[in-house]
Amino acid sequence: MSHAHLKSTDSVADWRKDFPILQQSVNDQPLVYLDSAASAQQPASVIEAVARYQREDHANVHRGVHTLSHRATDAYEGARDKIRDFVNASSRTEIVLTSGTTESINLVAQSFCRPRLGPGDKILITHLEHHANIVPWQLVCEQTGAELLVAPIDGQGQLELDVLYSLMTDNVALLAIGHVSNALGTINPVKEIIERAKQHGIPVLVDGAQGVPHMSIDVQDLGCDFYAFSGHKMFAPTGTGVLYARESLLDAMPPYKGGGDMILEVSFESTIYNELPYKFEAGTPNISGVIGLGAAIDHLQAIGMARIADYEADLHDYMVHKLSELSGIRLIGTASSKASVQSFLLDDIHSHDLGTILDHQGIAIRTGHHCAMPVMTHFGIPGTSRASIAFYNNNDDIDRLVTALTKARKVFG
Amino acid sequence: MSVHAIEKDNIQDLYRELILDHARAPRHFGRLEGATHTAQGINPLCGDKLALYLHVDDDGTIAASTFEGSGCAISVASASLLTETVTGLPIEQAEVIFRSVTDRLTATASTPGSEIEGPVRQRMSKLLALDGVREFPSRVKCATLAWHALHSALDGDAKPATTE
Numbered sequence: 001m002s003h004a005h006l007k008s009t010d011s012v013a014d015w016r017k018d019f020p021i022l023q024q025s026v027n028d029q030p031l032v033y034l035d036s037a038a039s040a041q042q043p044a045s046v047i048e049a050v051a052r053y054q055r056e057d058h059a060n061v062h063r064g065v066h067t068l069s070h071r072a073t074d075a076y077e078g079a080r081d082k083i084r085d086f087v088n089a090s091s092r093t094e095i096v097l098t099s100g101t102t103e104s105i106n107l108v109a110q111s112f113c114r115p116r117l118g119p120g121d122k123i124l125i126t127h128l129e130h131h132a133n134i135v136p137w138q139l140v141c142e143q144t145g146a147e148l149l150v151a152p153i154d155g156q157g158q159l160e161l162d163v164l165y166s167l168m169t170d171n172v173a174l175l176a177i178g179h180v181s182n183a184l185g186t187i188n189p190v191k192e193i194i195e196r197a198k199q200h201g202i203p204v205l206v207d208g209a210q211g212v213p214h215m216s217i218d219v220q221d222l223g224c225d226f227y228a229f230s231g232h233k234m235f236a237p238t239g240t241g242v243l244y245a246r247e248s249l250l251d252a253m254p255p256y257k258g259g260g261d262m263i264l265e266v267s268f269e270s271t272i273y274n275e276l277p278y279k280f281e282a283g284t285p286n287i288s289g290v291i292g293l294g295a296a297i298d299h300l301q302a303i304g305m306a307r308i309a310d311y312e313a314d315l316h317d318y319m320v321h322k323l324s325e326l327s328g329i330r331l332i333g334t335a336s337s338k339a340s341v342q343s344f345l346l347d348d349i350h351s352h353d354l355g356t357i358l359d360h361q362g363i364a365i366r367t368g369h370h371c372a373m374p375v376m377t378h379f380g381i382p383g384t385s386r387a388s389i390a391f392y393n394n395n396d397d398i399d400r401l402v403t404a405l406t407k408a409r410k411v412f413g
Numbered sequence: 001m002s003v004h005a006i007e008k009d010n011i012q013d014l015y016r017e018l019i020l021d022h023a024r025a026p027r028h029f030g031r032l033e034g035a036t037h038t039a040q041g042i043n044p045l046c047g048d049k050l051a052l053y054l055h056v057d058d059d060g061t062i063a064a065s066t067f068e069g070s071g072c073a074i075s076v077a078s079a080s081l082l083t084e085t086v087t088g089l090p091i092e093q094a095e096v097i098f099r100s101v102t103d104r105l106t107a108t109a110s111t112p113g114s115e116i117e118g119p120v121r122q123r124m125s126k127l128l129a130l131d132g133v134r135e136f137p138s139r140v141k142c143a144t145l146a147w148h149a150l151h152s153a154l155d156g157d158a159k160p161a162t163t164e
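Chains as they are written, first to last, in my numbering: chain E, 1 to 413; chain S, 1 to 164.
Mixed in with the good hints there might be a few duds.
[What the hints assert, rightly or not] Facing chain E, according to a computed beta carbon distance under 10 Å, are these residues of chain S, among others:
#1 Asn10
#2 Gln12
#3 Leu18
#4 Leu20
#5 Ala23
#6 Arg24
#7 Phe29
#8 Gly47
#9 Lys49
#10 Gly71
#11 Ile74
#12 Val76
#13 Phe136
Note that these hints are calculated values from the structure, not bench results. The C-beta atom is built at its ideal place from N, Cα and C for all residues, glycine as well.
Construct the complete structure from the given sequences, taking the supplied hints into account.
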């Protein structure tokens, strides 16, 4: 798909108009969607790309001689090329398509770590991680006798870098770290952290689920070994995800799942695996979803990730400023470098009660533990309310949020 | 009535004064020493967790009940109302009330405990304050959590009760 047919992408005020779902009322009030960190909405260009594929081009990929199969394969593999370009991987063989960040991380845990781990080895993560970047490592530690190390965070929700660096010892087999915290919005200085890890020969996986929607990503510049992310958090359909991995690492890794498409030749005696990246893509993939992911990348690139990052930085500051002015508010997560997210508590109102009252005013936020229970434990709270923004949000959305929170205080007053 | 007023009414119907009162000052809150029956209630969706303690006499009467834990206003108020309701009742009657409350909040039953007569019936009238959740499908589980814990405590179920 060319950028040419995209409309309305040259003015901030118009960005929102590209998202049909935002043009509705919820509970009789215009929808304010502040839950993009859970799942982002899709622009019309993505919805149309998926629909057109379903209507005109659908067939299975990589296996047909007929025209539709060619079209489907071209569109699917074309999306892979767009993803490669989007994160600046050096080769399309380094782009493994998965069902999401969770599968990407599990793939690394089982295929990269499991064969090389044993008692005495360590996996290093941080206290900021969400469950998808904790549990896969716990599983592989259980399976191999390796140990899980957790680098601590401070009261603002920032990594204690000195401690993190002191935990980087020779028997650490992998560092797995989030780019941006989903619960607190903290941006980790991953480039600097990766440099330090390299000095100890420690491979690094970056969980970029909350990074890719908000900033320009260059995996070569970061120097990471793995970068995992999800389509649905970057305005593409659910069930799509990416694992970027260095080709030399992928080459040495055994397949993660067995099945069709990941083989060259199968007999009952032995099977020859397919070349990269197909070795890791067993079974018929989420073809339409990946085509949607390609369309989402077109949409983002037509606007420009740098413009998005600039705009969101201002909007984030506005959100933090307006929220901090409210009486009874306690902001959770006040790192000096943050993106997209603000968690908070209001008086002693439970976040679910707050979520319900806001929903009744047409405002969608996330409430609870945000699949990051250890982060909540760190602050000694069961959960928070979390507002998260994307480039389709604006100052009015924040004003509506603040008004609704004021009303909530009255209900509980 | 304006659209806005209806919306406001729904919220006020959910957070009735009785609910807010029990949420702010839950009755029988804390661990019960010498409890004969206990159960955990967990809502895996939101992480709400509560523990319910019962002391059941030899004659099968619930002599005391308490709870502790953290949760939203609805789940705390519901647990608080539960302890008020079941204390002093035979366990069979508490089970009937469990069914009646969960049926009423999750399904179609119209009158709570129509099969229950007399003073117990009257005691249950406060539970009608939970009716507001019927308009909020995502919150029904908050209201039923403590009741599922009651059921599993009386059942002697070792596993935590969940709302799932």
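These are the hints, each one checked on the structure:
1. Asn10: For Asn10/S, the interface hint holds, since the closest Cβ of chain E sits about 7 Å away, which is under 10 Å.
2. Gln12: OK, holds: Gln12/S within 10 Å of chain E, min 7 Å.
3. Leu18: violated, 14 Å
4. Leu20: holds, 7 Å
5. Ala23: holds, 8 Å
6. Arg24: Constraint on Arg24/S satisfied, holds at 9 Å.
7. Phe29: violated, 15 Å
8. Gly47: holds, 5 Å
9. Lys49: holds, 8 Å
10. Gly71: holds, 7 Å
11. Ile74: Cβ of Ile74/S sits 7 Å from chain E, so the hint holds.
12. Val76: It holds, given that the least Cβ distance between Val76/S and chain E is near 8 Å, below 10 Å.
13. Phe136: holds, 6 Å
In this structure, the hints that do not hold are numbers 3, 7, in rising order.
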